[in-house]
Structures are given as C-alpha cells and as structure tokens.
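Number of protein chains: 2
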Amino acid sequence: MSVRAGIVVTGTEVLTGRIADQNGPWLSEQLLELGVDVAHITICGDRPADLTAQLRFLADQQMDLIVTSGGLGPTADDLTVATVAEFCGRDLQLDPALEDHIAGIIRRWRPDTVDLDDGPTRIGIRKQAHVPAGATAIPPTGTAPGVAVPATPDEPLPTILILPGPPVELQAMWPTAIASPAIAEVLSRADDLTQETIRAYGLHEAELAETLRRAEDSIPGFDALEITTCLRRGELDMVTRFAADGAEIYRQLLTFLTEHHGRQIFSTDGSTIEDQLIATLDGRLIATAESCTGGLIAARLTDRPGSSAYVTGGVVSYSNEAKSDLIDVPAELIASHGAVSEEVAAAMAEGALSRLKSDVAVSTTGIAGPSGGTEAKPVGTVCFGVAVKGRPTYTVTRRFPGDRERVRSLTTTAALHLVVAQLERDPAAG
Amino acid sequence: MSVRAGIVVTGTEVLTGRIADQNGPWLSEQLLELGVDVAHITICGDRPADLTAQLRFLADQQMDLIVTSGGLGPTADDLTVATVAEFCGRDLQLDPALEDHIAGIIRRWRPDTVDLDDGPTRIGIRKQAHVPAGATAIPPTGTAPGVAVPATPDEPLPTILILPGPPVELQAMWPTAIASPAIAEVLSRADDLTQETIRAYGLHEAELAETLRRAEDSIPGFDALEITTCLRRGELDMVTRFAADGAEIYRQLLTFLTEHHGRQIFSTDGSTIEDQLIATLDGRLIATAESCTGGLIAARLTDRPGSSAYVTGGVVSYSNEAKSDLIDVPAELIASHGAVSEEVAAAMAEGALSRLKSDVAVSTTGIAGPSGGTEAKPVGTVCFGVAVKGRPTYTVTRRFPGDRERVRSLTTTAALHLVVAQLERDPAAG
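For the protein sequence lines, the chains are X and L, in the order given. Counted from 1, the first sequence has number 115 at position 115 by my numbering; the numbering is strictly sequential. Counted from 1, the second sequence has number 503 at position 73 by my numbering; the numbering is strictly sequential.
Just so you know, the hints here were simulated from the structure itself, not pulled from any lab data. All C-beta atoms in this analysis are idealised placements derived from N, C-alpha and C, irrespective of residue type, glycine included. Mixed in with the good hints there might be a few duds.
[Said to hold, decoys possible] What the simulated footprint calls covered on chain L by chain X, stretch by stretch (three residues with Cβ under 8 angstroms from a Cβ of chain X suffice, anywhere in the stretch; the number is not a length):
hint, stretch
1, 439 to 445
2, 658 to 664
3, 734 to 740
4, 745 to 752
5, 826 to 838
[As the list claims (entries may be wrong)] Derived coverage of chain X by chain L (criterion: at least 3 residues anywhere in the stretch with Cβ under 8 angstroms from a Cβ of chain L; other residues may be distant):
hint, stretch
6, 229 to 238
7, 301 to 309
So here's chain X without its partners, still in its complex pose (with noise of 0.2 angstroms):
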C-alpha cells in the first residue's frame, strides 16, 4: 500500500492497563477504511522522552503519517504538543484567536470559573493554544484543539496529526481533522480500497483457515485479497481489502466460501446479528427472561437508541422464586426437571411472552460458573427458549467453553442467533 501509518497513544492510565485503550483500534479502522497502511501502535506514559523515542522510531520506519492522541490537556504534564514541536525542530507560537476560542467554551461550561481571565485557568488554556510553527490547529470538540504538523521534508519528518485523549472529542474532531491540507494531502496518496465484511457463527478459526488455504489454491489471484480473521463474542468475523483489480477475485472466494461454510455464514453484507434481528422482528415485539445472563441479553437490546419500538423488557429471574411469580414458571416443573432445564426455559420464554406482552421471547438458564456445575450439567450448560407468538415453543440445550464471563458473553449472542433463526424459519413449519 502506498501510505503507511503509525499510531501513538499516550497516556500512564493506559500504558498502565488501568483503563483499555479505545483510540488505537478506532484510529486504525479509519484509517484501514481510508486505504492506509497501519504498521505500528505504540503505547507510551506521560514521559517526553518515551514520546520522543516512540516518534523517532516511526519516522524510523518511514511513515507518511503519525497521529497521536492524548495529552492536550491544560495541566502541566499534557505535553505531547510541546514534545511534537521540539521533535520536528519548529518553535510554539501563541494563536490569539484560538485562546479566545478555548476561553469562551469555559465561559459557557462554567460561567463561576473564578480564575478565568487570570490564575491557572488562564495558564492552561494559553498553553492549549500554542502551536507549532507552520502547523494548523483543529477545532476543539471538548476544550483541547488538535493539531495537524506537514511533513517536514529536510529531516526528513512525516506529517503528525494531534487528537485528543477522550475518545468522544477524538472521534468528533476525526471529520475535520483528515480535511485540514496537511492530512488530506497525505491522505490523498492512499490506495482507494474496498472493505467486505463476512460474519460466521459456529464456524472453527481453524475451519476456516483449512478453508481459505484450499481457496488460495484453487482462485487466481488470490494475493490480491488482504484477509484478516478474529473471533468476536462467538463470532467469527472475515475482513477483506482489496483493490479494484481484486473485485472478481473477492466474488470467487466468496462463492467458495458459501459453497463450504453457507450454513454457518449469516451476513455478507456486514450487517450484524443486532440488525438482523431488527429486520426479521419485521414489527414485532420482544421479550426477554434471563437467568444465567442476569440481563446482559436485554442490555444488549437495549444499547441502540430508538429500541423501544421493539422491546418492551425482561425479566432477571435469578431466584426460582422469581421465575415463578414474575414470569409464571410453575414451581413443580422447576422442582421436577430443575432451574436449569428445557422445559425451564420454555415456561419462561412462554411467560415473559404473555406478561411483557411481547411476539417474540428468548430465555436462558444455565450454569455460567465457576460453581454450581454437576456431572450431568457441567459448568457452560445452557438452556434456551424461543417463544413465538402462534407457535409451538423451541428449546435447545448448549455448552459453552471458558470461564463465567465468557459463558455468559457466548449465551448471549447464541440467544440472539436462536432468535433470528427461529424468525426466518418457515412459519407454515410450525
């Protein structure tokens, strides 16, 4: 690819692993979408000189393009700014204009800063507009401007984009940021690529590179695919770049891949799981009843604004109790087959259905660990129910490998899938 790219993340909190990074990984699917080359990522604390070290080393490398994120704010060890100018040899110069700007976002924040116009205050927010010569600011979207630094070619230096630490200001500054000249100068140089999306469930890693080893063999080519592969919440998840001339290529392998894995792949067009179910629901209302997942199905219902039109709750029926005087689960029938038990699950499935007033219903209970598992239901063991409306109740029992966590991470997606695939079924199929 013709531009490469390294990204530098700053900040003791994250190369600490107190908090994850979400910048690295945004920053590079942008730039993966922007026909960049992502070489490096690099993680370094609030020291200058680990900062410097890490620059010199993509520039090393010969980047085109570096950007950084964090340490812009007005405090005295946000250097980062500082620590790029002296870098790049090119002085810092005040931007009157933009310390106006920096103070009248304050002023509207927090009209009773008392030291606005003199005291610390003043001192952060005239450190926040200083500049490195030649360079231009961007627009805070918080209170800290970026900064978009050219190529300084007799070094030779490769163009530096500043952003701000909090991934919100970041990704808000991301649209003017890759406009200012600088950046879209580079940016112009990059391939134009395209980006496919093929999602699996219940297909092997392993399976699949077996797969895409025999497809090298087999389609001409081939080379012309940039293949990534990863595992996701259960999901397996193919990624493709290529370049116009790999278009045909691309439609080869994926024909191979449907004539191999056509059972297990579910999305081509990179929808997800989430807007599949949206789709299918087609109108319809659902419900949930959780045990093992203790709600994490509802909240991931729940996370797209507007989910309301289509989920009307759940129940976190933890205690039997509970799944029998909220959701009608009758005591004997936990008595008799156990919590943990597909006729559970459809009496829960079925009473979420009529008391949440739903079409659809999904349950789970199960064994999430690390305790409670036996010999006949080990630790992983889940049962679910799907509940629709006019039809006869579908259960199903799985088991799920890794600790309780990921027990209940791979429930929760299954219970998503089960929904989907219970929804496209033939209703005449009963």
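Using the hints, position chain L against chain X.
Only chain L this time, still in chain X's reference frame:
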C-alpha cells in the same frame, strides 16, 4: 526504577482494531505489581519485519525485559518464535519431548484428528515444538508453549518472554512463566514497590489535580510517590506506587486527600463499589427495576460468581405496560407524572421490592438518548429510586453527560453508589 520492560502485542486483528487488545493492559498491570517499570507497549501485525523493528526499538531503548503475546499458533503465519530467534541470533531447535507433549494435548482434545501423526496437524505441532537455542519452553496451557529467552549479553539484547495470544492461555501461563529461571532473574532486580488505590465518586479530575498540586507543595518528599489517576465508568481512581521510604509520605497524602475530599472518597483499601455493596447488603437480598439501563445494573450485579446468594432478580420494564403489569406501577402515575419521574422511580423500586421478594431494590427511569429529550427533561436525565424494607423510599434525579452508551454506563454506576449510600445511612434517620 531498576527494571524496565516493553510489551509487544502481535496480531493483525488487534492492529486493525477489529478486536480490542486485552494482553497489553493485563501484562502491564502484572509487571507493575512486580515492581517493573513498563515504558512501552507496541502493537504490530503478522509481518516479521514490523515485529523485528519493534524488538530492535525496545532493545535500543534499553529495556531489561521484553514480553510478547501472540503468533504462536501452528500455522505458517504464526512467526513470533522464529522472528525472535533470528533477532537474537539463535538457531531454532526441535524439542522432541515438547512435540510429544503438544501431540498428547491434541489427542485428548480432538481424538478424531486424522492427520495427527502425519500431515498438516503434525507439521504444525513440530513447528510449535521448536525453541531458540539456550531458551526454555514454558508448558502450553492451550496448545502453544511459551518461551523464555535469556538475555544475550554480547549484542546486548534483553531477556525476552514469548507468550501466546489468547488471553485465557496467556494468563494461565503467567505464574509458570515468571518462575522460569531467565525471567525470575530479571524480576529479582526489580524494586519492591507497594501499590495503593483510592477511589472517589463525584470528584472531578481537575479538582483532584489541583489538590495534588497543593499536596506536592505541603508534603516534603512528595516525589517519592508515583501517582496515576484515571476515570472509569464515572469513578475516579488514583493509584499510587512507592518504595518502602515512601510509606510515611503516602500516609500524609492520604490524610491530606481525606481532609479535602472525604465525602467523595469511598474507598482507600482497593475495594470496589461492588465489594461495598455486597458488604452493606450483609445478607440482605437485592432486586432491580430498570428502564433506561435496560438490564445493565442486573448484569453488573450478577457478573460475580455466587451472586445468586444476594440477587433475587430484576425487571427490565422498557414499556409502560411492563412497568404496570410486572411491578405494579399505576398507569395513572405514569400518565400524570410521565415515565421519567421520581414518582414512577419510587413505584418501580417498591414494586420490584415486593414482586421480587427482596430487602432492597433500586430503579432507574430516564432518557438515554439520543432522542426523547425535552426542555424540562433533556437527554441524560435519570430518576432513581431506592426502596429498603421498612423505610420510606428514597428518590433522586440526576443529569448525565455524553452519548447513549455513556449515560447508561454512568447511570449504572450511580445506582450502585445510591444503594450503598442508602444502606449505610443510620436506619433510625428513616
């Protein structure tokens, strides 16, 4: 600090942002606890040249230890061991006992593997059983062994610890890995540090920064403390590390902080709000009634093993009908005050208390956004109710910033804090 380390995370799926790296943060935390100073985390894809460049960078930065994760699989694109061997100028040597060991694992896991003795599976096993000369294999916790490569003093090159990519395997291997002689030798040179955590709720990062500046002025020897602060799900964590001579200075800082922010600091012993909730429940049972959080509170309450001992269950009453039918919120109350009101929040909590036969219940009803806000109740407005058996129900309204995900996350944290605050109140105060 005496021992500096760099972490190299390999994997195209991580570099491209398709899955979030868990290994860098986890390894960083482990190393910090062992008194090691982590200076750099770097992420690269499955290209040996990029991995070599990162190893070279970390060696040039005079790291004493490099820990890598990923690239240990049986397939041809898993190249970490071969790349490290070449980087260190060490030949790869077959370890026949290790080969037998890996074959034995696969025989147990997938007894129907047809090409175990011959073919791709055996080729893969043999590849995984190659270890650089002078290095020590660390027994697999999945199928991939780790490798401890001692320092190469002539170059000079640091000690390198090679670990597998799947977080479950990596974490399971860690105790054995750090006990292997080459790694133990490096770690024996690390400082003996203490790490203390203070957690605050309702305290702004800027306020804490200002207090720390004043503490620095008034506490002699303040520099002996290494302080990191970070915001996580609405809480502000402050982690301090110090050697033996910093213990008294830390005690002074703790007193200073408690004087200034005693009301906001809820934990000085590392305990989380979940720990405190379980302690204050003290055997009582809790239930939830959630609207805007859609199950997140229940999911968080049940993510611990054994949570069925204190969680009876929850209701996600997304629709108004669900509020009335499942937890007895009078329809007239919703009609007269609106679903987002303290009156409805109180009725939800009381309904959950009685219907879910619990001693304590917490409710949320609010506008997570992005739509649904009004002038009187803008997006981010959330009403809470906390019902405790035998007491009047407590209600409060809060307004949270940010997008839907952030509002839901901050609401979940706030709910846990409200419950603890109510349970800690003097019961006689009513």
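Results of checking the hints against the structure:
no., hint, verdict
1, 439 to 445, "holds (count 4)"
2, 658 to 664, "holds (count 5)"
3, 734 to 740, "holds (count 4)"
4, 745 to 752, "holds (count 7)"
5, 826 to 838, "holds (count 6)"
6, 229 to 238, "holds (count 5)"
7, 301 to 309, "holds (count 7)"
Hint compliance for this structure: no hint is broken.
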